[in-house]
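Engineer: The listed protein sequences correspond, in order, to chains R and P. This note's numbering numbers the first residue of the first sequence as 3 and each following residue consecutively. This note's numbering numbers the first residue of the second sequence as 3 and each following residue consecutively.
Hint data in this document are derived by calculation from the structure and do not stem from the laboratory. Possibly wrong hints are sitting among the right ones.
Same chains, same label: a pair holds when it works inside one copy or across any pair of copies.
Stated by the list, open to error - Capping the alpha-carbon separation at 35 Å, the derived lysine-lysine pairs in DSBU-like fashion look like this:
| # | residue 1 | residue 2 |
| --- | --- | --- |
| 1 | Lys90 | Lys121 |
| 2 | Lys44 | Lys6 |
| 3 | Lys79 | Lys153 |
| 4 | Lys158 | Lys29 |
| 5 | Lys54 | Lys121 |
| 6 | Lys158 | Lys183 |
| 7 | Lys121 | Lys44 |
| 8 | Lys90 | Lys5 |
| 9 | Lys29 | Lys106 |
| 10 | Lys54 | Lys158 |
| 11 | Lys6 | Lys124 |
Predicted, not measured: the structure shown is a model, and the values here were computed from it.
2 protein chains.
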Amino acid sequence: MTKKKFRARAFFYPLTTIIAGVDINDKPNFLTIAFCGMFHYKPPMLYISSGKAHYSNQGILENETFSVNFPSVDMVKATDYVGMKSGKEIDKALLFDVFYGELKTAPMINEAPMNHECKLVKVLDFGGTNEIFVGEIIQTYIDEECLVNGKPDIRKIRPILFSGYNNNYLEIGNNIGQAYKIGRDYEKK
Amino acid sequence: MTKKKFRARAFFYPLTTIIAGVDINDKPNFLTIAFCGMFHYKPPMLYISSGKAHYSNQGILENETFSVNFPSVDMVKATDYVGMKSGKEIDKALLFDVFYGELKTAPMINEAPMNHECKLVKVLDFGGTNEIFVGEIIQTYIDEECLVNGKPDIRKIRPILFSGYNNNYLEIGNNIGQAYKIGRDYEKK
Numbered sequence: 003m004t005k006k007k008f009r010a011r012a013f014f015y016p017l018t019t020i021i022a023g024v025d026i027n028d029k030p031n032f033l034t035i036a037f038c039g040m041f042h043y044k045p046p047m048l049y050i051s052s053g054k055a056h057y058s059n060q061g062i063l064e065n066e067t068f069s070v071n072f073p074s075v076d077m078v079k080a081t082d083y084v085g086m087k088s089g090k091e092i093d094k095a096l097l098f099d100v101f102y103g104e105l106k107t108a109p110m111i112n113e114a115p116m117n118h119e120c121k122l123v124k125v126l127d128f129g130g131t132n133e134i135f136v137g138e139i140i141q142t143y144i145d146e147e148c149l150v151n152g153k154p155d156i157r158k159i160r161p162i163l164f165s166g167y168n169n170n171y172l173e174i175g176n177n178i179g180q181a182y183k184i185g186r187d188y189e190k191k
Numbered sequence: 003m004t005k006k007k008f009r010a011r012a013f014f015y016p017l018t019t020i021i022a023g024v025d026i027n028d029k030p031n032f033l034t035i036a037f038c039g040m041f042h043y044k045p046p047m048l049y050i051s052s053g054k055a056h057y058s059n060q061g062i063l064e065n066e067t068f069s070v071n072f073p074s075v076d077m078v079k080a081t082d083y084v085g086m087k088s089g090k091e092i093d094k095a096l097l098f099d100v101f102y103g104e105l106k107t108a109p110m111i112n113e114a115p116m117n118h119e120c121k122l123v124k125v126l127d128f129g130g131t132n133e134i135f136v137g138e139i140i141q142t143y144i145d146e147e148c149l150v151n152g153k154p155d156i157r158k159i160r161p162i163l164f165s166g167y168n169n170n171y172l173e174i175g176n177n178i179g180q181a182y183k184i185g186r187d188y189e190k191k
């Protein structure tokens with residue numbers, strides 16, 4: 003294959019789209035984020051990365067809590083809207099049915115089929131444009147109709163993917179194989 | 003919606019499947035990883051999270067380099083195989099056409115349509131099962147046939163998604179909207 007060499011580029015395909023929930027100035031605020039991911043299962047730890055100028059960041063630092071909500075494809079317009087407007091300008095608490103869990107200061111979105119309540123573990127700063135908030139999941143909420151055999155089914159959650167190069171949202175596609183099985187007898191041709 | 007409350011669970015949908023490349027004991031080794039993500043665009047920084055017992059980790063620490071390779075759906079069997087077998091047991095260098103870039107110790111997979119060469123910035127340990135390797139992308143390689151208007155097209159890259167609850171690999175699905183546009187006039191119903 004002929005490869006084109008680029009100077010460092012932050013292409014990453016696909017990104018997962020989540021909506022972070024934060025209390026700030028005594029009100030819930032929400033923020034769409036695609037720079038996010040898991041660190042490990044045990045303890046269940048994840049991160050969200052947010053531009054340093056974002057309104058929500060101060061709320062995370064003050065309360066040391068945040069939520070991670072997985073919107074489904076039928077929430078794509080709301081998800082996009084929340085990512086475009088700042089909580090300085092509009093009251094995003096009015097956009098969703100908001101609920102709270104154990105931590106009391108991590109507002110969650112009832113319409114989103116899966117929600118994690120997180121406790122701030124660490125704020126990372128590598129001298130870049132963003133602050134990275136590391137959180138431990140302390141409680142998870144899932145719509146009962148999205149559960150199959152007691153676990154959330156990705157086809158019922160219907161998460162939103164993000165493609166950065168052309169700013170497109172996508173849905174998940176077909177299954178292409180079972181992990182720890184399909185490659186068992188792989189041999190290079 | 004009726005929510006089921008779980009004690010903390012590390013559900014994250016979907017995960018992006020990459021193959022990390024590492025030099026260890028003077029040989030290239032490869033490792034399938036789904037706990038990975040972007041930290042920020044500027045500088046372009048990402049992380050990969052690897053179980054502490056993994057053979058590759060020592061190589062990252064020694065060379066302070068690694069690569070992140072995005073396999074396409076037609077590489078799903080090789081991707082699964084590489085994630086099941088340890089480099090202690092098999093020579094994974096034989097599985098791919100390997101090339102090196104600027105860093106000399108970050109082996110990359112020619113068959114994978116997109117590759118990042120990364121310099122280790124930091125190793126994070128939050129007392130969990132995994133080590134988190136933070137890397138700065140210093141060079142990116144993309145198959146010329148995957149470029150559209152000079153940028154990698156996600157439909158040509160055809161990345162592999164991972165669904166953790168049932169260990170399924172998936173492909174990307176349809177576009178569902180343009181970011182920074184589809185939600186512009188959103189109002190809650």
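Engineer: Hint by hint, note whether the structure agrees.
Structural biologist: Quick rundown of the hints versus the structure:
| no. | hint | result |
| --- | --- | --- |
| 1 | Lys90 x Lys121 | within (24 Å within a copy, 37 Å between copies) |
| 2 | Lys44 x Lys6 | between (39 Å within a copy, 21 Å between copies) |
| 3 | Lys79 x Lys153 | both (27 Å within a copy, 26 Å between copies) |
| 4 | Lys158 x Lys29 | within (30 Å within a copy, 43 Å between copies) |
| 5 | Lys54 x Lys121 | both (20 Å within a copy, 23 Å between copies) |
| 6 | Lys158 x Lys183 | both (24 Å within a copy, 26 Å between copies) |
| 7 | Lys121 x Lys44 | both (15 Å within a copy, 27 Å between copies) |
| 8 | Lys90 x Lys5 | between (44 Å within a copy, 30 Å between copies) |
| 9 | Lys29 x Lys106 | within (12 Å within a copy, 51 Å between copies) |
| 10 | Lys54 x Lys158 | both (34 Å within a copy, 33 Å between copies) |
| 11 | Lys6 x Lys124 | between (38 Å within a copy, 28 Å between copies) |
Of the numbered hints listed earlier, not one is contradicted by the structure.
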